[in-house]
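Engineer: Sequence:
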Amino acid sequence: MTIGEAANRSGVSAKMIRHYETIGLIATPARQENNYRTYGAGDIHRLRFIRRARALGYPVATIRQLLTLWDDTNRSSADVKQLAQAHAAAMRRKIAELDAMARTVEYLAAACAGDHRLDCPILEDLIVNSQQSAAVARDDGDLAHPVSMVNMGSAA
Numbered sequence: 025m026t027i028g029e030a031a032n033r034s035g036v037s038a039k040m041i042r043h044y045e046t047i048g049l050i051a052t053p054a055r056q057e058n059n060y061r062t063y064g065a066g067d068i069h070r071l072r073f074i075r076r077a078r079a080l081g082y083p084v085a086t087i088r089q090l091l092t093l094w095d096d097t098n099r100s101s102a103d104v105k106q107l108a109q110a111h112a113a114a115m116r117r118k119i120a121e122l123d124a125m126a127r128t129v130e131y132l133a134a135a136c137a138g139d140h141r142l143d144c145p146i147l148e149d150l151i152v153n154s155q156q157s158a159a160v161a162r163d164d165g166d167l168a169h170p171v172s173m174v175n176m177g178s179a180a
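Numbering (this note's numbering), first residue to last: 25 to 180.
Keep in mind that the hints were calculated from the coordinates and are not lab data. One thing to keep in mind: the hints can contain errors.
[Stated by the list, open to error] Estimated spans, in silico, between C-beta atoms of each pair: (1) Asp-139 x Gly-48: 52 to 62 Å; (2) Ala-112 x Asn-32: 30 to 40 Å; (3) Ala-54 x Ile-151: 53 to 63 Å; (4) Ala-85 x Cys-144: 35 to 45 Å; (5) His-43 x Met-125: 27 to 37 Å.
For glycine and all other residues, C-beta sits at the position ideal for the given N, C-alpha and C.
Let's have the full structure, built from the sequences with the hints guiding it.
Structural biologist: Written out as structure tokens, the structure reads:
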């Protein structure tokens, strides 16, 4: 089948199919005489597998590992379980980071009068903490400081 048919059957766009070929998640397909790619049922199953894994938030590197395990008839389900548990833990950490960011934004929004005044605690925090974050980044090389440095003690 052509890439368009494969896209329709798998639910993965033709552009993403080409991308997955480029990064090696699916094999480069055979070509017809007219140079069109030719896909089979196995390719469709693999594309659906990738689509589902992406829908569950798995990063490409982990999808590559899962595909390797799927292809390995001597695999251990313990290996698959370990990858799933690690992914769930990473998602929980991300949820905690997002929750902390939401609490910070809510705290700042509550501190803002939201009226005609020029001063705004939200903008002040963004300015002050952008300077502090830059200083911290220079000190430790870490640019990922997702939560404001505002004292959250009274916000919780």
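Engineer: Would you mind marking each hint as holding or not holding in the structure?
Structural biologist: Results of checking the hints against the structure:
1. About 56 Å separates the C-beta atoms of Asp-139 and Gly-48, a value consistent with the hinted range of 52 to 62 Å.
2. A hinted range of 30 to 40 Å holds for the C-beta pair Ala-112 and Asn-32, which are about 32 Å apart.
3. A hinted range of 53 to 63 Å holds for the C-beta pair Ala-54 and Ile-151, which are about 58 Å apart.
4. In this structure the hint that Ala-85 and Cys-144 lie 35 to 45 Å apart at CB holds, the actual value being about 41 Å.
5. The supplied range of 27 to 37 Å is met by His-43 and Met-125, whose beta-carbon atoms lie about 30 Å from each other.
The structure meets every hint from the earlier list without exception.
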